[in-house]
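Engineer: On the provided structure of chain A, position chain B as indicated by the hints.
Number of protein chains: 2
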Amino acid sequence: ARPRVGYSYREDLGPSPIMERMLQLRVCSFKSMPVTVLENASIYDATVVMFTQNVGSLMVVGPDRVLLGMVSRKDIMKASLGKMDLQQVPVGVIMTRMPNIYMTTLDEPVLSAAKKLVQHQVDSLPVVEGYVDENGNECYEVVGRFTKTNVTKLFVEIAETR
Amino acid sequence: ARPRVGYSYREDLGPSPIMERMLQLRVCSFKSMPVTVLENASIYDATVVMFTQNVGSLMVVGPDRVLLGMVSRKDIMKASLGKMDLQQVPVGVIMTRMPNIYMTTLDEPVLSAAKKLVQHQVDSLPVVEGYVDENGNECYEVVGRFTKTNVTKLFVEIAETR
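Protein chains in written order, with my numbering: chain A, 1 to 162; chain B, 1 to 162.
Just chain A, with the same shape it has in the complex (with noise of 0.2 Å):
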């Protein structure tokens, strides 16, 4: 058999170093801004919005940017196939409400995040910070969004960093 010396890599090991790095990135490093709208915007407008600055949902906020709700296209395309006035109809009628939007954080491991997209079937999350406010409710501030635009982002950087 021949000597082992010096640092080695196999990796029955255990993770890469490059792995290792994967394991490490946050979702902080490689969110986008968050595209918010307010409850009572017009379905319309909202289309605008995504259209405007090119994205495909929307986070509903109320003061202090706290999340309500979020608006996908697909919400938006299922009340165009209806007989809703768009122009008339508030964002908030269609938007899907909390609790039961899934969320991530800005120092969440970017791997549980892209895993939340592909179990959830959701195209972005939330980057929020949560908190209690002096009522006693649990609040979450809207800080970003995580996409699956930022994970392909990411995998061509990782694949091509040689």
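Keep in mind the hints are simulated off the structure, nothing from the lab. Take these hints with a grain of salt, some might be off.
For identical chains, the list gives no copy identity; a pair is met inside one copy or between any two copies.
DSS-like mimics (lysine-lysine), calculated; alpha carbons at most 25 Å apart, straight line [said to hold, decoys possible]:
#: 1; residue 1: Lys-74; residue 2: Lys-116
#: 2; residue 1: Lys-153; residue 2: Lys-116
#: 3; residue 1: Lys-116; residue 2: Lys-78
#: 4; residue 1: Lys-115; residue 2: Lys-153
Structural biologist: Only chain B this time, still in chain A's reference frame:
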């Protein structure tokens, strides 16, 4: 200086084994099934197909599944902002038409296809097989779709491989 013996891993020697493996992955192993509609389907019917199949874009095809264009949720949202009758207008009117479609092939490396998704800001690429028909026209038969969801799933799979 310590003698270097056997297989020693150093990042500056080039891609690591995991990176090498990543660079060898091909679209054929990670693509999804294509979801197609005919050019004369109404926008309404195309929207229903998007819902029932839960996809973000449809490939519009002619005979022999030849790619004619793509229609995305964004295209449909745009149509519903206007005064279009979604039940009357065919999807061919709002689709992005060939040759203005970014495509991939079964044997393209996943990295290169992922770069197309990022660079061209699209969520999905049709996977095609090209051929020349009896009239000398270049044709592309749709055999799959490759999306940011495929890349996100692959990212999770790689990151979890120890």
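Engineer: Give a verdict on every hint.
Structural biologist: Hints, verified against the model:
| no. | hint | in the structure |
| --- | --- | --- |
| 1 | Lys-74 - Lys-116 | both (18 Å within a copy, 24 Å between copies) |
| 2 | Lys-153 - Lys-116 | both (17 Å within a copy, 10 Å between copies) |
| 3 | Lys-116 - Lys-78 | within (24 Å within a copy, 29 Å between copies) |
| 4 | Lys-115 - Lys-153 | both (16 Å within a copy, 8 Å between copies) |
The structure is consistent with each of the numbered hints, conforming to all of them.
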